[in-house]
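**Student:** On the provided structure of chain A, position chain B as indicated by the hints.
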Amino acid sequence: MAAVSSDFKPKERVVGDPIEIPQIACGAMAESKPFVAKADHNEKLGFPGELVDDWHDKAIFRLGELLDNNRALRVYLDSCVKCGACTDKCHYFMGTGDPKNMPVARQDLLRKVYRRHFTWAGKVVPWLVGAEDLTKEVLDDWYSYFHQCSQCRRCSVFCPYGIDTAEISMAARDIMDTIGLGQKYSNEIIGKVFNMGNNLGLPPKALKNTLESLEEEIEEETGVPVKLPLDVQGADILLVTPSADFFASPHMEGLIGYAKVLHEAGVSWTLSTYASEAANFGMFVGSQENMQKVAQRIAKAAKDLGVKRLVFGECGHAWRVAYSFLDTLAGPFDFLDPNYPVPQHICEFTNDLIEKGKLRFDKSKNDEFRLTFHDSCNVARASRMGDKPGGQFEIPRAILRATCNHFFDMAPETIHEKTLCCGGGGGLLTDELMDVRVKGAQPRMRALKEVADEHGVTHMAAICAICKAQFSKILPQYGFEMDGIVSVHQMVSNAILLTGSTQAEEFDAQHRPADATA
Amino acid sequence: MLTAIFAILFYLAAAILLVGLALRIRLYAKTPAPLKIPTTPAPITRGGVVLRMAREVTLFESLFKSNKWTWAFGWVFHVSLAVVLFRHLRYFLQPVPEIVAIMQPVGVLAGFSMVAGLLALWGRRLVVERVRYITGPSDHLMLALLVMIGISGLSMKFVAHTDIVAVKAFFLGLMYFDWKPLPSDINLLVHLSLVLTLMIVFPFSKLLHAPGVFFSPTRNQADDSRERRYAPRGLLKPQAKA
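Line by line, the protein sequences are chains A and B. Note that the working numbering has the first sequence beginning at 1, numbered continuously upward. Note that the working numbering has the second sequence beginning at 1001, numbered continuously upward.
Derived from the structure by calculation, the hints contain no laboratory data. Hints should not be assumed to be uniformly reliable.
Said to hold, decoys possible - Think about it this way: if two alpha-carbon atoms lie no more than 30 Å apart in a straight line, the pair counts; the simulated BS3-like pairs of lysine-lysine are:
(1) A:K11 <-> A:K418
(2) A:K38 <-> A:K11
(3) A:K192 <-> A:K9
(4) A:K449 <-> A:K9
(5) B:K1065 <-> A:K388
(6) B:K1065 <-> A:K449
(7) A:K303 <-> A:K449
(8) A:K123 <-> A:K192
(9) A:K58 <-> A:K123
(10) A:K205 <-> A:K184
(11) A:K11 <-> A:K44
(12) A:K123 <-> B:K1030
(13) A:K58 <-> B:K1030
(14) A:K123 <-> A:K44
(15) B:K1168 <-> B:K1180
(16) A:K449 <-> A:K365
(17) B:K1180 <-> A:K418
(18) B:K1157 <-> A:K388
(19) B:K1068 <-> A:K449
(20) A:K473 <-> A:K9
(21) A:K308 <-> A:K227
(22) A:K9 <-> A:K38
(23) A:K227 <-> A:K44
(24) A:K418 <-> B:K1157
As the list claims (entries may be wrong) - Covered by chain B, per the in silico footprint, the following chain A stretches (three or more residues, Cβ under 8 Å):
(25) 75 to 89
(26) 111 to 125
(27) 172 to 185
All residues carry an ideal CB built from backbone N, CA and C; glycine is no exception.
Here chain A stands alone, though its shape is the one from the complex (with noise of 0.2 Å):
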């Protein structure tokens, strides 16, 4: 409520143990509610435009087909058993103290109806099981509470049956799209994808003088004309990257970095106009079938250019539909190079270059760059980088040491698995909810002042669009700098010798009288 939030200082709450259990404060954040999506928004998606007279009985009828075609959503329904692990691990509730956003709690929102109408005992004995009916009340809670929820998937490490959160949420998501009771900020953005290609709704004249300045910037900043080439038929790799990355910061210096380090690779490569976004907000609605429309954009594109390999930017969620889900909503990709991952991170490409020795850095260049990591969550829980399990920390942190001089890990308990959400995942990175993204913010803000504090760490790493977004709103609120947060590309791109480069140059001047003496 407004007097809570009103109450909420983080530049007072910085300081503290990050995983600290708030007490209880019932109803905290029942008036947290994202806009609601406008009759275009929702139609584009296939959606009714505003909420339907039945509403009731389809979104009963709703729930009832994704049982059946959702085993998870069957199985996590009928399986807690209310022990309570999961009680203290969102950082909602950690910021909140609502216990409605304990992720169990957030659950049995959608468990109680479930319950009702499709368990004997729920139609019998109602009150001994909390079933309860589909009322405007319990839809009103559906709508804030499911939009208080990352979908980070935190919770799902510490239930002893792996129930996800994460797939209740989207199933609840679906469930109000389907009856036109719609999220504004990620409809309306599924729909720019549609029209424009990119979440941005950046036109494809646009993207182009964008890339061609970004160009501009890197030859004059180093004497080497590397290219962001767009739209070329017949590139080898298709790059696939957060439209973000053309346009804010500090994405933007992570995309000069993944230019660099193709360019020094050799490879021919192409961004593309119709797959200009990586992201797949089809995912945060749990609509499958807009996921899937999303998702065939990038085959498309790949199909059409001709290349021979798919490679993905800086993106947590993108990743994730990337890697986990993309062969099979838009599969098969047997027309691409099967000696590549398909696809590949950028941060495997880059780290594989750092392995077999094909790039130069110059530490130094970062020196002023006391470095944490911030695991994003899809990256860390949901997906996978390099051919061992928890490829997804190492790599990252392998660029991170072989490009910075100074790199601190934050406290073990918010860091790879059990990392904690920047607060603006899941669909929920809109200004409305602006309250719930500070407050669920606060456990992450807490481990990053530790190590600010303990080690001098002045800056943040991620390889998420989202958390960069986030985190450059947030970190002022705390008490950082706005561009405390940084691509991990642009530690590569800072440290880099492209060969030929004033750089390299300067540094091989630099370094040689040395060697020679030795």
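**Tutor:** Structure of chain B alone, referenced to chain A:
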């Protein structure tokens, strides 16, 4: 009369338990898993998944990561229950296998630790604010049911002995459709009635977590989506025309 009532109830309860569980398991198995959603880092081979699941159901690995107290109480209860059930095989097998005979003293101890584990779990529901919030009437009732099964069982060993030879004859009689009289001790009848209740509610309650965990996609899927194409049976709509 008493014998007939309990005999019929046991057949009925066994049928409900077995058929109910079988139907539920069939439903879980039949429902498609449209996408690969293992919680990573996950094993990359099927063998690795079998190990992960084995650790999950024997050691409660995820719960251990979450909360050591809940893990300790829950693990003690479940292991004790398993030992107690094993001990009860002596009422259903003739002759009694040696290993079952050897385990009898351990089984008695397990009876106590089972009740202790349950009471500790129940205590958490009352004391820990967050767990109290999520606890409903059925959660208390389930614990009450299990605790009373344990106590009534122990009472036959330590308070008022039951003619266990007759009890065994009754159950063997049930199994061979040759009914033998059931002793009418009150603690035995309470114990058996509660067990009947448990058998009947099992397929309709949160006890479905037992089969459910094996069907949990976040735990039973391998992290191999780049190595092996995952295309579940005819679920996804045909691709839109390009």
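**Student:** Next step is simple, just say for each hint if it's right about the structure.
**Tutor:** Each hint, compared with the structure:
1. A:K11 <-> A:K418: Judged against 30 Å, a Cα distance of about 24 Å means the pair holds.
2. A:K38 <-> A:K11: violated, 36 Å
3. A:K192 <-> A:K9: violated, 36 Å
4. A:K449 <-> A:K9: holds, 15 Å
5. B:K1065 <-> A:K388: Answer holds: B:K1065 to A:K388 is near 21 Å, not above 30 Å.
6. B:K1065 <-> A:K449: Since the Cα atoms of B:K1065 and A:K449 sit roughly 24 Å apart, the hinted pair holds (cutoff 30 Å).
7. A:K303 <-> A:K449: With a Cα-Cα distance of about 47 Å, the restraint between A:K303 and A:K449 is violated, given a limit of 30 Å.
8. A:K123 <-> A:K192: violated, 43 Å
9. A:K58 <-> A:K123: holds, 19 Å
10. A:K205 <-> A:K184: Holds - the C-alpha atoms of A:K184 and A:K205 are around 27 Å apart, at most 30 Å.
11. A:K11 <-> A:K44: violated, 42 Å
12. A:K123 <-> B:K1030: holds, 24 Å
13. A:K58 <-> B:K1030: Holds, because 24 Å separates the two Cα atoms, which is no more than 30 Å.
14. A:K123 <-> A:K44: violated, 37 Å
15. B:K1168 <-> B:K1180: Roughly 9 Å separates the two Cα atoms, so the pair holds.
16. A:K449 <-> A:K365: holds, 24 Å
17. B:K1180 <-> A:K418: Status violated; Cα separation ~58 Å.
18. B:K1157 <-> A:K388: violated, 53 Å
19. B:K1068 <-> A:K449: holds, 27 Å
20. A:K473 <-> A:K9: holds, 15 Å
21. A:K308 <-> A:K227: holds, 19 Å
22. A:K9 <-> A:K38: violated, 33 Å
23. A:K227 <-> A:K44: Given pair A:K227, A:K44 is violated - Cα atoms ~36 Å apart, limit 30 Å.
24. A:K418 <-> B:K1157: At roughly 47 Å apart (the allowed maximum being 30 Å), B:K1157 and A:K418 break the hint.
25. 75 to 89: Holds, because 14 residues of the segment 75 to 89 of chain A bring their Cβ atoms closer than 8 Å to Cβ atoms of chain B.
26. 111 to 125: holds (count 3)
27. 172 to 185: violated (count 0)
Against the hints set out earlier in the document, violations occur for numbers 2, 3, 7, 8, 11, 14, 17, 18, 22, 23, 24, 27.
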